[in-house]
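J.: Single-letter residue listing:
4 protein chains.
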Amino acid sequence: MDGIPQGGLGAGKGTGKKKVCFVITNRVHYTRCKQLIQQLKNHPQLELQLVVAASALLPKYGDVTSELERDGVPIHAKINMLLEGGSPITMAKTTGLGLLEMSTVLENLKPDVVLVRGDRYEVLAIAIAAAYMNIPLAHIEGGDVTGTIDESVRHAITKLAHLHFPTNELSKERIIKMGEDPKQVHNVGSLDIEYLTTIDLSFPHDLWEKGPEGLGERFDLTKGYVVVMQHPVTTEYGSGRQQMEETIQAIDALKMPTIWIWPNIDAGNDEVTKAIRVYREHKKPPFVHFYRYISPELFARVLNHASCLVGNSSAGIKECSYLGTPVVDIGTRQGGRTRAENVISAPHNQEKIKEAMLKQIKNRKYPSSAFYLKEKTSHKIAEILAETEIDVQKQLMY
Amino acid sequence: MDGIPQGGLGAGKGTGKKKVCFVITNRVHYTRCKQLIQQLKNHPQLELQLVVAASALLPKYGDVTSELERDGVPIHAKINMLLEGGSPITMAKTTGLGLLEMSTVLENLKPDVVLVRGDRYEVLAIAIAAAYMNIPLAHIEGGDVTGTIDESVRHAITKLAHLHFPTNELSKERIIKMGEDPKQVHNVGSLDIEYLTTIDLSFPHDLWEKGPEGLGERFDLTKGYVVVMQHPVTTEYGSGRQQMEETIQAIDALKMPTIWIWPNIDAGNDEVTKAIRVYREHKKPPFVHFYRYISPELFARVLNHASCLVGNSSAGIKECSYLGTPVVDIGTRQGGRTRAENVISAPHNQEKIKEAMLKQIKNRKYPSSAFYLKEKTSHKIAEILAETEIDVQKQLMY
Amino acid sequence: MDGIPQGGLGAGKGTGKKKVCFVITNRVHYTRCKQLIQQLKNHPQLELQLVVAASALLPKYGDVTSELERDGVPIHAKINMLLEGGSPITMAKTTGLGLLEMSTVLENLKPDVVLVRGDRYEVLAIAIAAAYMNIPLAHIEGGDVTGTIDESVRHAITKLAHLHFPTNELSKERIIKMGEDPKQVHNVGSLDIEYLTTIDLSFPHDLWEKGPEGLGERFDLTKGYVVVMQHPVTTEYGSGRQQMEETIQAIDALKMPTIWIWPNIDAGNDEVTKAIRVYREHKKPPFVHFYRYISPELFARVLNHASCLVGNSSAGIKECSYLGTPVVDIGTRQGGRTRAENVISAPHNQEKIKEAMLKQIKNRKYPSSAFYLKEKTSHKIAEILAETEIDVQKQLMY
Amino acid sequence: MDGIPQGGLGAGKGTGKKKVCFVITNRVHYTRCKQLIQQLKNHPQLELQLVVAASALLPKYGDVTSELERDGVPIHAKINMLLEGGSPITMAKTTGLGLLEMSTVLENLKPDVVLVRGDRYEVLAIAIAAAYMNIPLAHIEGGDVTGTIDESVRHAITKLAHLHFPTNELSKERIIKMGEDPKQVHNVGSLDIEYLTTIDLSFPHDLWEKGPEGLGERFDLTKGYVVVMQHPVTTEYGSGRQQMEETIQAIDALKMPTIWIWPNIDAGNDEVTKAIRVYREHKKPPFVHFYRYISPELFARVLNHASCLVGNSSAGIKECSYLGTPVVDIGTRQGGRTRAENVISAPHNQEKIKEAMLKQIKNRKYPSSAFYLKEKTSHKIAEILAETEIDVQKQLMY
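In the order they appear, the protein sequences are chains A, B, C and D.
For the first sequence, position 130 matches number 125 in the numbering used here, and the numbering has no gaps at all.
For the second sequence, position 333 matches number 328 in the numbering used here, and the numbering has no gaps at all.
For the third sequence, position 115 matches number 110 in the numbering used here, and the numbering has no gaps at all.
For the fourth sequence, position 356 matches number 351 in the numbering used here, and the numbering has no gaps at all.
Since the hints were made in silico from the structure, they are not lab data.
Mixed in with the good hints, there may be bad ones.
Unchecked claim - When the alpha-carbon atoms are kept at most 25 Å apart in a straight line, the in silico BS3-like pairs for lysine-lysine are as follows:
| id | chain 1 | residue 1 | chain 2 | residue 2 |
| --- | --- | --- | --- | --- |
| 1 | D | Lys13 | B | Lys279 |
| 2 | A | Lys347 | A | Lys375 |
| 3 | B | Lys73 | C | Lys360 |
| 4 | D | Lys105 | B | Lys269 |
| 5 | A | Lys73 | D | Lys105 |
| 6 | D | Lys73 | A | Lys12 |
| 7 | A | Lys278 | C | Lys105 |
| 8 | A | Lys55 | D | Lys73 |
| 9 | D | Lys105 | B | Lys55 |
| 10 | D | Lys357 | A | Lys73 |
| 11 | D | Lys55 | B | Lys279 |
| 12 | C | Lys73 | B | Lys13 |
| 13 | D | Lys250 | D | Lys105 |
| 14 | C | Lys13 | C | Lys218 |
| 15 | D | Lys55 | A | Lys105 |
| 16 | A | Lys105 | D | Lys278 |
| 17 | B | Lys36 | B | Lys369 |
| 18 | A | Lys371 | A | Lys347 |
| 19 | B | Lys55 | D | Lys269 |
| 20 | C | Lys55 | B | Lys73 |
Stated by the list, open to error - Some but not every residue of chain A turned toward chain B, in silico, with C-beta under 8 Å:
| id | residue |
| --- | --- |
| 21 | Ile144 |
| 22 | Phe214 |
| 23 | Pro280 |
| 24 | Thr383 |
| 25 | Ile385 |
| 26 | Gln388 |
Ideal placement from N, C-alpha and C gives every residue a C-beta, glycine not left out.
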């Protein structure tokens, strides 16, 4: 922390490097930001201060700290901040706790700029800590329009941020419309898509052999399979069980080989996982294989070769637009997020879901969309961070 | 709290009234919201849940709880949340602590709507708690443009709020430009100006007799006096001492009877109060009278008859526009806030400040501006709250 | 909360009843305190203020709030305070968060005495909140000697408490030796044993039929079965996996019908559950049935008819002393806790564990011990609370 | 924090030094621990990790961080944790916040032992964080018997601590009686008295010239003067104003030159300071000089030459026993603290206080007592820390 003896944190002081504090808050987040982290670490004018927080510290969600060690990236601080419960109040409290913790870390690390990504509560906590402590804030993935509370939080972070890295042109325009300085808004494309362009996307034969073993029977993937990934909708807390039932019925009716990936820990998690658990235990469907966790590498390959992705994950809108994978997007969670032709929307209704799935499976792959793609996303972020002068006092542009 | 036996909080349940949770965070706040509180309390379709928090609980900043008792307004919860320190980090931490506490209170009170006012950290904490807990948020005083971190926080709260009560037409337009639903944005005028229209604004002869005694000599007010009220600028933390010195030199050069009101507790408070304290103790200026606290009633009368208000208080822009009192607004704190003709801006420069003051003193009263005035502000807020249906899922309007 | 209108919390004020605040922190805790809660609720001189906190609020650990509703016990406040992680730091942070929350609740409920039970972190948080807020503290289950951090915390709570309800004579003596006022130390026996005296203890035939279904095969219980219940040892964090392996090997070697009850959420939970999970998934032992949760009613009957209980649960020392069930107590967790003749100790060594188990199974039931038994435990606690005058200023008796 | 690159915190790892984390929580604390800090810093087997927390970070209570810089002692972390309010609930909340913050710091610094001093809430927070995180705790100043909540907290810390450094023989015996391991209890004498043995104790002629200026007239000290230092009594919250009035009346009746030192920030601070403030402003006593802050160096000299110390400070019992200064100890705050012949006790009664003061003034200096004195206190603490092996699992010794 501050005043660390023998060089430690003070190292950047004399060198005149700009200290960039970047916070990793979960496992998936880390994998998809590896290139960004390397760019920040190796940029001659930047000094990376890496903070690991929230579920990225919990072994059961994937061990980020030892992976960082293997990758040679030093950790400057660890923050435990996650309340147990998966309910609206624990989301609020996690934000409050994260704000208390993060401000101590910022006081001790004294970065020149804080870089955050996304729209979740950990990110809001960091943004507020930086804002009150007069530290310029750079934000990746602002300007998107979706459902859930993330929608409001994303725009609130935009209003606290000084430098913006939206992933697409429409989001860039929205950020400017909201009154941000156009000179500080840069469409650099999506880190998630950049990640896809750098990895092996071959058929996931090894899913059964090497991957982390899921629950349920194994089946032949080569004849086609669908993927389900449906998260709770925080703003519709209390309806999750029923919403999930509709999807379950659709899947149960189709009886196609299905890879089912566990929901995230947002408020409502209990409801939706209970529906899945009851289905699994009572029906023991031989055609479904359940994964609590799947590595981002494998997930990309599973998505790339799926006949259809069903649910409400942003991967359906973003990654699958690039991959051309057919998607059935259910409910309001991805609300207004700009979508390519690969997506069909469906309400929480088993008949409608089944119908849309059949249509998508029949259609097969769509052409790849470049909507969320830009070259050298990570490189550009690092460059802009290094070069931009930021005035900590913001003001609405109208 | 939730499940209170024998009627308690459950009282509103059967009645079908809409439960409005309103939070008071400081003494001045309370006085200027008295009419609003009475409107909320007496509205046939509303049930008021009043929370007292932050400095409103600290006797040294004025005892709100016993005043509420005298006014017959029951308190539903008290929240201690204020960190000592007056620095950027303590503002961040107070927000985090407030968020932890406020979410517990909301969990136990279960309001139908939360009503907040302004742009300070306590308010941001409440807004986030409500947002994550799927409770609709109504916000008074959004859309203004100013300096300090309040500028960013104000707009972040707007992005979390569902129902907006700006105080003027320009702010209403800005809120809509930021992508809020025009149907939910209501220019109801300023509570502060409504307050002025209801009280005695006669010459403050009794300042020396009955009011809370300040420090320093008494002098004859009837020959004219100036008022100084200059707060720290959070985004210029570290410059406060020098900024205040310039104002002090200007005042010391003019040697006019001066009523000096103590700065607020924002980050930088230490710096600016030190400058004042040193001036007071070393120079013992016989023409300055210092007030740590002045009641809103007396403050309004003092403002109304002042030859000039100097500093960076929003009262110079808002209250004085209605009163027609000449104002010298120093520095960036009131940044882009819309001003009537009564305001002259000045940088942190003693010569410029003195010059502007002389011009304003010579000019005398300006005509009253109606920019921040609307009839029945409090009544309208209560009416709109009672009648508006709010969908908890927001979405950007473009 | 404080100032609740229309009677609510103020109800007790005029009646002159002593307000007793009792906090339930988990599901098992509630079942075993039902009689105490009824005694407190129905005592003519007492008014019960019930707070539900920590894991008692999380549906996945058993839904206490709806059970309280069924039992007609009103809840005065709910406190979410549990951090996710099951590590030393999350135990510390949960205590800190609980202290922040509990002090707000006490400020708003203003009880005359706070009653707590046990030695866990939630309880320490409550004890400290009460201590600093000058509210007398009564403590059930002090004076025992065990292992883990609970040992230190239990005695720290004793030093903060004004009134003591140890469960046995030796513990009473220890509390007095530590410098507490002998007049305030009452051996009332154990609530856990009182609970056993009031319920059906017949053979758990219905384990397979009605109880919450566990994981694994069913088998014939009537030919004898053993029960395993081994929790993490917080002060030996990092050794849990190896410790559990020894027990697993012993069980796997014996191949007797085994009911295995899941460990609690103390620091180290991840380690020990991982060992069990790997065993279960790799070996799929047909003679073991795993329970994540078992109701206290069923647990008592399972214990009563077991050939042997193996592990480090306090139930082995307390409940089984009364039931006469043979116990193999492993490691340091129950350290110095006074044991009846039914307990054999064993180190973390599979051979020693197996040997001890064989000896115990052969021995069959021991005679019942009355060491932890007193008549009317709950009734006495309520009586003493009603009658005792407490001076909030404590002082060491030597 | 953990994983700091380029040596930083990892420096001690390879060297095999024992990492001692010591926390400074206020300005006075620092001065009196300077020798201890130097001993810890320079010991060949120890590596000092210094944390600055609570009021030690607030400029208005004396700037510790810049003094540490001057003294060449690096700071490893800073913790803001102090709530504003000076009431029972803010003491509780400060403890909770400190616990949250301190556990993050310990997680990142990973010390081998944590060293704390005293019995205040910041210290309890640190003790609990260390306890749950399995870090051995060493405690200075345990075993004393006093009044206020500090009495209970002190013994609670003893029950969490592994290694004890009481300041006198009686306290050592009490710690052992409470069940601690006699091998881990070392009477090393008082750091406060060691401090007195190393500084200039000459007549404070320079009080008026160089020292930080107080409020009120100056007067001739050489004809004799009394010192008043009376703190709030947390366990008698609500009675502070009346208690202080009695002392004020006694002082006002004697009309001797009086140096009055401001009370500390414990709960009740508002009450007692209000009494002083009203007295000062209404009576403007020409014979009293008020100090908000006095440096420890000057305080020692002021004490040494005072005709009498009046109030309830521990300095009356400890420092003055060594200096031989006559003391009138009022009320319960110093309760059972072992006192030398220099102390006369008095209740909160102006007549009794005046009477006792007259007796003490007449008596003049007492002989010096060695009750709290041992040679090389700081050196011994460092030595014992370096040499002692600590088993993190404690257990009551009976």
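J.: Hint by hint, which ones does the structure fall short of?
T.: 1, 2, 3, 4, 7, 8, 9, 10, 13, 14, 16, 18, 20, 22, 23, 24 and 25
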